[in-house]
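Taken in sequence, the protein lines are chains U and F.
Each residue of the first sequence is one higher than the one before, counting from 1 in my numbering.
Each residue of the second sequence is one higher than the one before, counting from 1001 in my numbering.
If you're looking for bench data, these hints aren't it; they were derived computationally from the structure.
All values derive from a computational prediction rather than experimental measurement.
Possibly wrong hints are sitting among the right ones.
[What the hints assert, rightly or not] Stretch-level coverage of chain F by chain U, calculated; a stretch enters the list once three of its residues show a Cβ under 8 Å from a Cβ in chain U:
hint	segment
1	1183-1193
2	1405-1417
[Claimed, not checked] Quick list of the computed label-pair ranges, beta carbon to beta carbon:
hint	chain 1	residue 1	chain 2	residue 2	range
3	U	Leu309	F	Asn1013	54 to 60 Å
4	F	Ser1028	U	Ile64	57 to 63 Å
5	F	Leu1410	U	Ser46	25 to 31 Å
6	F	Val1524	U	Ala76	29 to 35 Å
7	F	Asn1295	U	Ala76	37 to 43 Å
8	U	Leu266	F	Trp1014	38 to 44 Å
9	U	Gly98	F	Thr1047	51 to 57 Å
Glycine included, C-beta positions come from ideal geometry on N, C-alpha and C.
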Amino acid sequence: MGSFHPGRIVAGLCLAMMTAGAAHASSGMEQSFLQPMGPVAEEQFSHLLRVVGITMVVILPVLIGVPFILWRYRYAKPKGDYTPEWEFSKALEWALWGVPVVVVLVLASWLWYSTEKLDPYRAQGPDPLQVQVIGLDWKWVFIYPEEGIATVNELAVPVGRPVELTLTTDTVMQSLLISSLTGQIYAMPGMTTKLNFSASRTGVAEGENTQFNGDGFGLQKFTVRALEPADYAAWAAGGSSELTLDEATYAILRRQSALADAREELGLERNAQPVMMTLGRQGIFDQIVAKYHGRGDGKRHADWGGTGLPAEGTGGGEK
Amino acid sequence: MSQDTSPIFGNLNWNVTPYTDLLRDVNSSTIIGAGAASVLVLGAIATLALLTYMRWWGPLYRNWLTSPDAKKIGIMYIVLGLVMLARGVIEGFVIRAQQATALGTLTQEHKVGLVAPDHFAQLFSTHGTIMIFFVAMPLLIGLINFVLPQQLGARDMAFPVLNQVSLGLTAAGAGLVMISLLIGQFGTGGWTMYPPYTGIDFSPGEGVDYWLWAILISGMGSTLTGMNFAVTIFKERAPGMHFMRMPLFCWTSLCVAIMLIYAMPALTVSSGMLMLDRYAGFHFFTNAAGGNMMNYANIFWMFGHPEVYILVLPAFGVFSEISSTYSGKRLYGYTSLVIASMSIAVISFTVWLHHFFTMGQSAGVNIAFGIATMIIGIPTGVKIYDWMATMWRGRVRITAPIVYLTGFFLLFVIGGLSGIILANPSIDYQVHNTTFLVAHFHNVIIPGVLYGMLAGIHYWFPKAFGFRLDETWGRRTAFLFVGGFVFTFLPLYVLGLMGMPRRSPTFQNPDFMPWMYIAAFGAVLMLCALTSLFWTFFTSYRNRMALAVPGGDPWNGSTLEWSTPAPVPEWTFPRIPYVAARDDWGERKRAGDPWKAPQQYCDIEMPANTAHGLLIAGAAFALGFAAIWHIWWLVILSFLAIPGVLALRGMRVIEPKVISAAEVRETDQRFRHLATTLAPITRAEEESERNRGVPDISEFAG
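Excised from the complex, chain U in its bound form:
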């Protein structure tokens, strides 16, 4: 956090006060980077405070000066000189331009440093856990190729081990955000993006899509569990073997529906519990990315439900 800075303390107090209500989320899920669960979100939070603190140098003079000027020089009862012809001062010009320039120089240096450091493509350490993410309307499929499992709307990660998400969608553009762990990254069909982070403590967090994509947008949340490595291993091994991610189940998931509706269609109880599946085969993620790269007439085009709108389900998609 660096050296003592009065502005930063003021800013920190303001932020803390504003978000006091969020300190203990009622749902038991961490939802904000103001309660970070990993080094990336932690650094983002402290960078936020830093920026607020530094910027106060140029903001406070306005917040204090304007009421002062209005009070002192009000027409009804003015104090102080009246200099109607005064329109220029070289010294003041230097200050008016100079101070913002210096502040921006400082801010720009920090910006450069923190953007490099928090680049979502930069791995957080050796041997990251690889998870592939497919955004669907209105749910997320997480594929763990190493573990041979796939989940819907649940991402479990071991504490301490870096994680690398590789994202795509099989519908419109989406944006995956796990605020208490890391920032967001867009996901687009036929393309992949990456998001690197790691968890430093156990806990449950909420992840979500932030890019509006239709009626079920508000329901496209997922659970993120940061588990002790042993618990993680148990979680990964304890997957249900009743469901397999294959063309048939994928066709159901790909329909426009929220998780609860999709569970019903998969023959599960209607609730918001995540779904765990075994992987039918390897390479599913790559095939789903690749199907958008055909010429529109080739075979790949028809794999995994094709590139068009999915078949109608019983979800909220139809009007």
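Following the hints, complete the assembly by docking chain F onto the known chain U.
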């Protein structure tokens, strides 16, 4: 959309109105939809009835709709902007009401909240589209139209008929957005309409097309306006009006003109490409077949970011004028302000990528655009300090515009702070697409643009209509808009930091609720502010005799527009003035006897009235509407009508309207006589009925 397209009616049928939805299912969402349509229909009927009953059709047509006078065109732009503002604010209220009732669960069987999710999506899409394109743009273009020629010492815009056409195209676009309340649905992709969600696969139907045609048509109008402003400033200045003598409002208008010319085509291109995707099976932005949706964001924001500064710069011009006038002091740092304005105009073209830091490009690219974004804060900060220095050691009258200016100062810097926060890619990754972002842009656009425009309207209103606006109600309105903003949008910062995504029809976190209620209360204040604004106009109109300022200079101003009577005559100046100094009217006051009559009067040529703007607007509206509903015969007809009308005008000899020297002399001498007989008032009496528009010049600036 499943039925066949009729050759005559296209895709139109009796099931496209919200009344069909209401008949199918009565709930709060369909009631609100049908209610909004009914307000539109009843409003239109009431307007038509009033015009007929008062026999106003003739005057409306002759004095307004066919007038090429920039001042009248400006007023019509502003009226359009205010009407659309009413709809935009009400929609904003419904959005807040929805989210205050939208706490749900992940397993919810039924939709929660006041309106259905797709209705909510239409609301935030039209709200954004209206506020940017049909409130902010008409207000600022209208204000520039009204003020710019008067400040430059020009009779009119360089291209008066083109000006009509620009207004007509803007109104046609606004008309399309309005009619979507009654006929069919609007798009659901937000005001940016990112594909592929808005592509034909995921958004079939007329919704996105409404947006596309409204934007394309009004965007053409704005491009033409930019050219008109630029040529007017370059070619129509009065003799002696050097660039460095122009009032700051003219400088910011020049910035806006240049930016409109360079920025608007990018919007035309991005919407044109999306249109080709949707209508002609192209694949610019589709998922498959080589489309790339990222390029839409790229081109759109090449327009979109300069647009933000197009909106805010005229307000900066207004603040420069009012801070000086109401402080009874020269503007501090004129040259600095000119340099800062031009810097903002140029740098604003180099920052657009910060709208999609999260799209997956390398850190290096994000760093470059992040730093560019911060750099634009420097000239903006300088401007704010310059206005503070203008008021320092002044004698500040706390009029309604100064209340707006104060609100701007105190709130805009918070918006600037959140802008600096968002400029950091590392933080933007967190708060992008959340309500933090929503709070940020409302935080710059409401205090920046809306307060600026309302302050400008209050300031120049007497020049347009001959009477002042009620100062007490003006201040009440300003306080309500300030309070409304604070309560509505500061909670959204907190919600954004708590992880609430923007545009969300429902959410599951009960912790959001207190903030949602505060924001909803703020939305009520905003409704009150809107009502108070219209009441200010109404009560001032009723009181117009007491508020009349025929002397034309109610605020003891220093720029040229205050040298003429109020209301200002069509020809503005009896003789084009010779400008000898910056703030020429102020200098003439210092020299004594500013109301000296010109030595001789000449005939004045003014552009003749013409219906061309109206005809082209009608054709453009028909073209857009027909294309949205696939009524192909009407598309062809109206598309051909536009060049047809232009060709027709080209083949006719057009005589200007000549105002005889005798008439000008008579009017002008009457005004000069009035100015010498009315009792001059000091600034202390500015708000009293004694203010007849003739200031005590001995009190003027030293």
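Q: Enumerate the violated hints, using their earlier numbering and listing them in ascending order.
A: 3, 4 and 7
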